[in-house]
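**Student:** Sequence:
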Amino acid sequence: MNTKRKKLYEGKAKILYEGPEPGTLIQYFKDDATAFNAQKKATLEGKGVINNQISEFIMSRLNGIGVTNHFIKRLNLREQLIREVEIIPLEVVCRNIVAGSMSQRLGIEEGTAPRSIIEFYLKKDELNDPMVTEEHITAFNWASTQELDDILAMTVRVNDYLSGMFGAVGITLVDFKIEFGRIWENDFSRVILADEISPDSCRLWDAATGEKLDKDRFRRDLGNVIESYTEVARRLGIMKGMPTVIQGAALMAPTASSKVKVHVFLKPGVLDVQGKAVEGALQGLGWTGVSNARVGKLIEFDLAGVEDPQAEARKMCEQLLANTVIEGYRIETA
758 MNTKRKKLYE GKAKILYEGP EPGTLIQYFK DDATAFNAQK KATLEGKGVI NNQISEFIMS
818 RLNGIGVTNH FIKRLNLREQ LIREVEIIPL EVVCRNIVAG SMSQRLGIEE GTAPRSIIEF
878 YLKKDELNDP MVTEEHITAF NWASTQELDD ILAMTVRVND YLSGMFGAVG ITLVDFKIEF
938 GRIWENDFSR VILADEISPD SCRLWDAATG EKLDKDRFRR DLGNVIESYT EVARRLGIMK
998 GMPTVIQGAA LMAPTASSKV KVHVFLKPGV LDVQGKAVEG ALQGLGWTGV SNARVGKLIE
1058 FDLAGVEDPQ AEARKMCEQL LANTVIEGYR IETA
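Under this note's numbering, the residues of the sequence shown are numbered 758 to 1091, in order.
Bear in mind the hints are in silico, worked out from the structure with no lab data behind them.
Even for Gly, the Cβ is constructed at its ideal location relative to N, Cα and C.
Fair warning: there could be bad hints in the mix.
As the list claims (entries may be wrong) - Calculated lysine-lysine pairs in the DSSO-like style (CA-CA distance at most 30 Å, straight line):
1) Lys1016 <-> Lys764
2) Lys764 <-> Lys797
3) Lys1054 <-> Lys1072
4) Lys797 <-> Lys1016
Unchecked claim - Each pair of labels, with its calculated beta carbon distance range:
5) Lys761 <-> Val1047: 56 to 62 Å
6) Gln796 <-> Gly1041: 39 to 45 Å
7) Ala799 <-> Asp944: 42 to 48 Å
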């Protein structure tokens, strides 16, 4: 089986690849961080892994309450299998508290809490994603009146659910950005939720201290971006044993731990492109006896607070560390 995939699109934070079945795509979460329409850029190691897990957690639960979205399943650390949609060229922003561009645009103090407000922005980087009205949207056929009604209803429902979910773990949902797409069934289309929901696309404040736990830490040079994203995941119960962030400081609980090594490798019969490249390079350098080169990856970590590290590591492999469709794994503990 040839595992080389066709790249269909690369954005600021994600890459879309052709999926394994018609009507599916693979969504890859990058570590790239951008702000101010990509005028500010950085690479934050691990951001894509955390956002992948948070988005999976939220999208799965939204599917469970009837908010249909493109998420099918998470494949590995950075990738999700999603439904292919025809993206509606709008960013939908729901604001519960005044912050960011709204504060600057209207001269209203950040932290002011009006009723929830929904805004629309045209997805057009070269125009800095201008705000548009419902009249613009229907006049220029970006979405129909019925589609707008569906988008507004789903956005209100997403806001209600996320506000309660985050509130239950001591986080205030200040605002969030979501996108929608069309799926077609014969000659009829319907709108579903798409893209991602993560600290990249939400403003999240600690309910007790007001500490920012979102992308504003990058936008405003506050530091501890990954630690704050990890704290959101930890509170949601997604990443057990991750550090607690208090005023930007990461604290690890001092418990006995095991050393775990996970070797991940492609299954026999799966084309190993990297292995072939290594094999060819070594042969070219004179090691003509080299054959059947295979390239894998080694993941090492400390694991504390569990009775059976091997069993827990197997669960990690099945749920996160390996794409078990094409990859096998071997676990060592000490």
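**Student:** Could you check the structure against the hints above and give me the numbers of any it violates, in ascending order?
**Tutor:** Violated hints (numbers, rising): 1, 4, 5; every other hint is consistent with the structure.
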